[in-house]
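Trainee: Sequence:
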Amino acid sequence: MSRRSRRCATAAAAALSLLATLTLAATPAWSSPGPAAGSSAADPPGGEPVVVSLDDFDGYGDDAALSSLYPRNTNGGTNTATLVDSPFDAEGEDLGSAMRFDYAFTNGYSGRSRAVDGYWPGLQAVELWITNGTPGQDVLLQLSDGASFEAHLNDVAGFDPTSTEAQRVRVPIEDFRPKSGTGTLRTSGITSFALYVNQVGAGTGGTIVVDEIDLLFDVAPPVPEVTFPVTELRTDGAGNLLTLLAEHAVVPDGARAVQATWTSDDQAVLRDATRPEPKGDFRAEGRVGVDLHQVRLFVPAEDGGAGTTFAVDVDTHLEVEVTDLPAPVDVVDYLDAITGTGMLSAMHHDQSYANPAANDVLHQRVANEFGVYPALYSADFLTGQTVPYRENMVDEVRRQWDAGNLVQIMFHVSPPQYTVAQEVQGGWGGDQAHETLPSPNRIYSFLYEDQWDELLTDGTALNENWKLRLDEYARLLQPLEDAGVTVMLRPFHEMNQHVFWWGGRPGLDGSAGLYRMVHDYLEQEKGLSNIVWVWNVQDLPDDYGFADGDPKFDRYEGLEGGLPEYDANDWSSFSPGADYYDVLSVDFYDVEGYAPRHYEQAQRIAQRDGKPMIVGETFVFPTQDEIAAQPDWSLAMPWGVRTWNYNTPQAMATFYEHSIGAAGLPRFTTRDNTATPTATDARVVGVVNPHGYEVAALAVRYSAPLPAGELDPAAFAVRADLDGPTPETSSDGPRTVVRAFTAAGPDGAGSPGQEPAPGAWVVLELDTSDANAAGTFYSGTTQTYDLAAAYSVTQVADLSVGATTVPASLDPVAASAVDTPVVDEYEAGTWAGPGDAFRYRLFTPHAYREAPDDDTLYPLVLTLHGTGETGTDNAVQLLGNQLSVAFAAPERQASDPAFVLSPQRAPDQDWLTPSGREALVGMVKDLLDRYPVDPDRVYLTGLSRGSRASWPLLAEDGDLFAGALLVAGGESAELTAQIADLPVWVHHAIDDPTAPYGLTLTALEGLEHAGAVVTRGEWAGNLPRDAAAARAQALWDEARAAGSDVLHTAYSPGTTGTPDRLAYPHSSWIPTYANPVVLDWLFAQSRDGDPAVSVEASARCLAGKAYVAVRATNDGGAPVGVTLTTPYGSRTYSAVAPGVSAYQSFASRATAFPAGTATVTVTAGDGITTLDAPYDATTCG
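Going letter by letter, the sequence shown gives residues -25 to -1, 1 to 1156 in mature numbering (1 follows the signal peptide of the UniProt record, and there is no 0).
Take the hints with a grain of salt, since some may be wrong.
[Claimed, not checked] Okay, the calculated beta carbon distance ranges per label pair:
no., residue 1, residue 2, range
1, Gln729, Val399, 41 to 47 Å
2, Ala955, Gln729, 44 to 50 Å
3, Glu277, Val225, 20 to 26 Å
4, Asp193, Val399, 44 to 50 Å
5, Pro910, Asp1035, 37 to 43 Å
6, Glu260, Thr55, 46 to 52 Å
Simulated from the structure, these hints should not be mistaken for laboratory data.
Beta carbons: idealized from backbone N, C-alpha and C, even for Gly.
Please model the complete structure; the sequences and the hints are all you need to start from.
Mentor: Below, the structure is given as C-alpha cells:
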C-alpha cells in the first residue's frame, strides 16, 4: 500500500486543527505510517511517530498562489518559487506537485518564508524530501517563535551535502539552534517556517526542489469537543457573533471560544469570515443563517502562563435572530467612556508586511497563547525596506477594521529632505553624534535650526518636498476613508525625545508646530476626514533634554543651529493644542516604570483638554495593582515581538485575561471630520483686572476646526443679562465685541494680543468699559453674578475664514461655563484649626505641580483681604481685586514661582481676634510642614481691613515673615514700635475717605521709633504702568542707598485708579498690585541674605575648536541675576528661577587654551556675590 493511501482522513481534520492551523493553499493533514484499519491517528501502533503534513504542495492553483504563501525575503537575493511535478519516489507513490526554488544571492543569502499558526508542543522533528541542484551551498530550515532558530542541513545527520540526488531528510528539533544569542525554541508558539540558502565561497545561486514537508510528533494530544445543543439563537442585544458563540457553545471547563470561521447567508446582517475572526459584528437586525466551520478554543495553562488553543471543526448550522442591536459608537467616545472602568488590549505589528497572510501574526500568537485577540491593531508607515509593502499594511488595517477592531498607524518615517523615492533607502540608524548630525536618511537623525525653520515655512523647497511626502501618505490613507475605516493616526511619536529628527523642540514653532502642519494638510488640503489624531510623548528621566544630565544631548552644546536645552517632562510644551488631537498617548520605557508622577501629569492634561489617555507603547505590562492605582489609562499597547522577552508568560496571561479583547468591543461608527462648523457652546472668560472682576471675552466652540484668521466682530451679537438683588445691581443689554479670531482652545482667551490659530474655537474679546462688563457687584460685601446664566451669543452674519464659510444662525448659544484664568488653578479648602475655621484658596506653583518630589523650595505669600470680600463663597477674596492673583499670574510666576495662600473670613470671623491670628499663624506653619516652602521667604500682604490686621500679626509673629506689603490700613505707633528689622512697603491714598491716611503715618512713626529708616515717595495713583514702575524703582534705589528697609508710597489726591478710569480713593490696591517693581521688591526680601548658587566650568572640543562651558545652578528658593564671564566672552541672565541653570558655551576660536577660571556674578535683592569656577587646559584636533 502506498504512503499516500495510508493517510488517516477521519482524524486528519481534528489533529490538524490542534497542531497546525496553517493558512491558505495546501491543507495539511495527519498521517501515521501503517495504522491498522479502524485505529486512530492519535494513537499510532508500534510507537510510530504521528505525522502532520506541513505542506505537500498539491493544493495550490498556480505559481502565484504558491509565491503568495511563501513570499521572498526582500533583503536577500532574488528567487522564484514554482510548482513542478514531484521528482521524488516514495515507494512508487505519485507525490503530485513539489516546489522548485531557484535563487541568487544578495547580502549573502536568499530565502522565502510562510506564516504558520503553529501550536506544536511535542514536536520531535521536521522531515522533507529535497534535491540540491547546487551542492556546497548552506541550505537551512528556519522556525521562528519571535526569535529565529535555524537548522543547517549540511550539519544534519544523514544529509549528504555533496549529492544532487533525492534525499529524505529528518531534522531533529534539537538541530534548530538560535540564529543569534541563546534560547530554546518554543514549539508551542511557532509563527513562521522558512527555507533559506546561505552563500558559501564564490557561489552565485542555484536550485533546490522540496516536497512532503512533515512534522513528526510522539503522540497527538486529544482534541476537545465543541457542540451547540441549541442552534436557534437570539442575540438580545449582543453585538457580535463571538459573544453569542461564547454564551451558547458547550466546551470543556475553563475553555473559551476565541475565534471562528463561518459563512453567512445574508451579508447585510453578518459578513463571511474565511479567516479566523475574533468578533463578527452584526451589521443590522434581522434573521441570518450561519454555517459555522471552525471554532478556535482556548484552554488556560495550569501554571497561569501560555495556554493551548485548539482549532476545532464543528460544521454546525445556526439560525440567528439579531435583535436589540446596540448602536455603533465613535472611537474617541468609547475610549473616553471606558476611562476608569477598563483597559483595552493591543499589539503593535513590528514584523514584515511582505506576506499578507502573516500581517497579524503577533495578534494571532497572543490569541493562541493567552486566549484574547487584542482589541487594537497597530501598524506603521515606516521607512526603508518596508516601503514597498505599505499597501499591504493598509490592506491589513482595513481587514482589521472590517473585523470590528480598532486600528492605528504610526509614522516612523524618513527626514523631510528625502523624497518619496528615497524613503526606501531609509532606516532607523544610530543615535551617536557622527550618525545624526549629518542629517542622514534615518529616523534617528537631526535637523538644524535653519532646516527646521524652512520645513515649517510655506513655499520653501524643504516644505514643498515634505508636502509631496504627505501627498504619498494621503494617497495610502485615502482608500481607508473610502472604505469607512476610522484610523487612529499617531504622527511624530515621543515628541519630547530629541533622538528623533522631529523631537525635542517645545512650543508651537517646534515639534507641535510640525504636528499641526500635518494635521491641517491631511484634513484641509487632502480632505481626509476619518482620522482620530493621537498625540504622543514618552516618560523620560527628570534630567532628559538638559546637557548636564543627558549624554546624548552633549552633541548639541555650542553647536550652531543645535537644539537648546528643554524640559522633556513639561509635556504641555509639546502639545499641539486640544483641538489638534483626540487621544493623549504616553510611552513607558523608563526603568522607573509606571511612575505616579507620569500618570498624574497625563491625567492633568487629559482632564484639562477633555481627552482619553492611553499607554501608547511599552515593553513591560502594567501589573493589576498599577492599573488599579492608575485607572484612567484606557489602553496599553506592547511593542511587538519583544513583549515576550520582557514579560513572563504568567504576566502576559494576567494582563490579557483582565483586559478587553476584540470580542468585547462595541461596533464603531466611521468618523467624519468634514461637517459644516456650527456654534455649539460658549464659555464666559472672566479676568481679575486692577478694577476687579470683569468679563473680558467669550470663547465660542464650533463643531469642527476652522483655519486661523481674524473675523468680523460685527458677525457676533453677545448679550449679558446680569441679575442682581436690586435694580441698582442689575444690568441687561448687549456687550461690545472689539475683536474676533479663531483659536485652538479657550485657554488664554482673556489675554490681550493672542494671535489667531487654527482650531474649533472663536474668541470674542469684549470691551471692559461696557456698563455690564462686571462679574461682581457690591451689596454690603462683594458678590458674584451667575455669569453662565447671564451670557449668550448669536452668530448674526456669515463667517469666511480661509476656504471655510460658516453660515449665520438666528439661534443664540447659551454659555455653559465660566473660566477665570489663574483663579481656576487655586485649590479650595477649610482650615480645621487651631483657631478660626477660615475658608481658604491655595495656589501652588506650576514647577511644584510638575515635580512635587523636587528639592526646590518656593516662597509663600499670605494675603489678607478687606471687609468687602468677607463672605462664605471662598471666591471673592480672589475676584474682588488683584490682592492674590497678582502673585499667581503667569508673568509673575515665571520670575517668582510661589505658593499663594488666600484665606477668607466669614461675617462672624475677624483677622484681629486672638483666634483669627492663631488660625493665620497655624495655616502658615502647616504649609511649611506639608509643602516645599522656603521658611526664609514667607511674605505677608493685606489691604484695608487686611492691612490693619497685618500690623499686629507682624508685631507678634514677625519672625515668620521676610517682608510685608501693606495697603490702605494703618495702626497705632505703640503697636508698630514693636516691629523691628522687618522690610515693609506701605501704600495709601492721601484722600482715602474710608481708612484714614493719618493712621498709616502713625504706623510709620512707630517703626521709626523702633529704629527703622523710612524712605518716602508720592506720585499719582493713575500713572501709566511704565511710569509707575519707574517711580517705584527710584524709591527702591533711594531706600537701598539709605540702608532703608521701610518704604512708603503716598498716592496723590484725586488720582487713585488707572490711566483710563478713576476709582474710589480707598482703592489704593489698584496701582499697588499692578506695579511690577513693588512685587519685585517683596520677592527680593529674604531672612537669609546669601544666594545658594553652585557653579562649574569645563573645557570641551567641538568640531576641532576649544570651548569653555560654564553653568550656574540656582539651588535657592528665589530668582537671582547671573553673569557668566570668561576670557572669551560673557553673558547675563536677569532672572534665573529656582532649580534652573544659566549655561553658556564660549568659543575660544582656537584649537587650544590654557587652564583658567570663569567668574560667576550673582545678584540677589540688594546683594552681589562673586563665585569662581576653574577649568582645565585643553587641546583639540
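Trainee: Could you work out which of the previously given hints the structure breaks and list their numbers from low to high?
Mentor: none
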